[in-house]
Amino acid sequence: ELQLCHPHLQDGEYWIDPNQGCSRDAFRVFCNFTAGGETCLFPDKKFEAVRLAAWNREKPGTWYSTFKRGKKFSYVDTDGNAVPVTQLTFLRLLSASARQNFTLNCQHAAAWYDARAGTFARALRFRGANEEELGHNHPAAPIRALHDGCQGRRGQERTVLEVTSSHVERLPLMDVAVVDFGDANQKFGFELGPVCFMG
1 ELQLCHPHLQ
11 DGEYWIDPNQ
21 GCSRDAFRVF
31 CNFTAGGETC
41 LFPDKKFEAV
51 RLAAWNREKP
61 GTWYSTFKRG
71 KKFSYVDTDG
81 NAVPVTQLTF
91 LRLLSASARQ
101 NFTLNCQHAA
111 AWYDARAGTF
121 ARALRFRGAN
131 EEELGHNHPA
141 APIRALHDGC
151 QGRRGQERTV
161 LEVTSSHVER
171 LPLMDVAVVD
181 FGDANQKFGF
191 ELGPVCFMG
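Heads up: the sequence shown at position 35 corresponds to 35 in UniProt numbering, and the numbers run straight through without jumps.
Just so you know, not all the hints are guaranteed correct.
[As the list claims (entries may be wrong)] Listed next, the in silico DSS-like pairs over lysine-lysine satisfying Cα-Cα at most 25 Å (straight line):
#	residue 1	residue 2
1	K71	K59
2	K187	K71
3	K187	K45
4	K46	K59
5	K187	K72
6	K46	K68
7	K59	K187
8	K187	K68
9	K45	K72
10	K187	K46
11	K72	K46
12	K59	K72
13	K71	K45
14	K45	K68
15	K46	K71
[As the list claims (entries may be wrong)] The calculated label-pair distances, taken between Cβ atoms and stated as ranges, are:
#	residue 1	residue 2	range
16	K72	G182	21 to 31 Å
17	A82	Q10	20 to 30 Å
18	A35	T86	44 to 54 Å
Bear in mind the hints are in silico, worked out from the structure with no lab data behind them. Quick reminder that beta carbons are idealized off the backbone N, C-alpha and C, glycines included.
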């Protein structure tokens, strides 16, 4: 809406109020006008970068939120405040699509495609905002590898995945299940990117 009314605006932070109610629940977001008018929310600092670790006491394939140091992902405005649930709901209602990137930092582990086995059996799984599981074989929320450095399962690398969907209720991502860890020298960490909604 900002872009339609003010086409001269530059990329940057702007206050929005998707539910158009009381201005006290308005929040500040990043507006990416050069990408066609995306409205982006950022993950809480706790999830922006989870450092590389062996996760020895955790079970492969379980949700990160069940890990001793894990929890479900949460999102904040550009001031670091939690985004009200009603505002996020209205933002989704006003959007036609959404996208989000997820980067897995790996050591001797596959994240998406496993080139040694020639399969996606070790691919990450995600839980969307609507509790739906998203993964390699999910046609309605395509996930594509922008870079799949982990597929060789050698050394330290990274895999960058992009989740896109016209079913905006699926985003933002709320949890991840990593399958390929637990063996000697295997480690993983991750970076959660902003979720961007497009009108």
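Hints versus structure:
1. K71 x K59: holds (15 Å)
2. K187 x K71: Holds. K187 to K71 sits at ~19 Å (cutoff 25 Å).
3. K187 x K45: The given pair, whose Cα atoms are some 21 Å apart, holds under the 25 Å limit.
4. K46 x K59: holds (21 Å)
5. K187 x K72: Holds: K187 and K72 sit about 20 Å apart, inside 25 Å.
6. K46 x K68: holds (14 Å)
7. K59 x K187: holds (13 Å)
8. K187 x K68: Roughly 16 Å separates the two Cα atoms, so the pair holds.
9. K45 x K72: holds (13 Å)
10. K187 x K46: holds (19 Å)
11. K72 x K46: holds (10 Å)
12. K59 x K72: holds (17 Å)
13. K71 x K45: holds (13 Å)
14. K45 x K68: Holds: K45 and K68 sit about 18 Å apart, inside 25 Å.
15. K46 x K71: Within the cut-off at roughly 10 Å; holds.
16. K72 x G182: 21 to 31 Å: At roughly 22 Å between Cβ atoms, G182 and K72 fall inside 21 to 31 Å, so the hint holds.
17. A82 x Q10: 20 to 30 Å: holds (27 Å)
18. A35 x T86: 44 to 54 Å: violated (26 Å)
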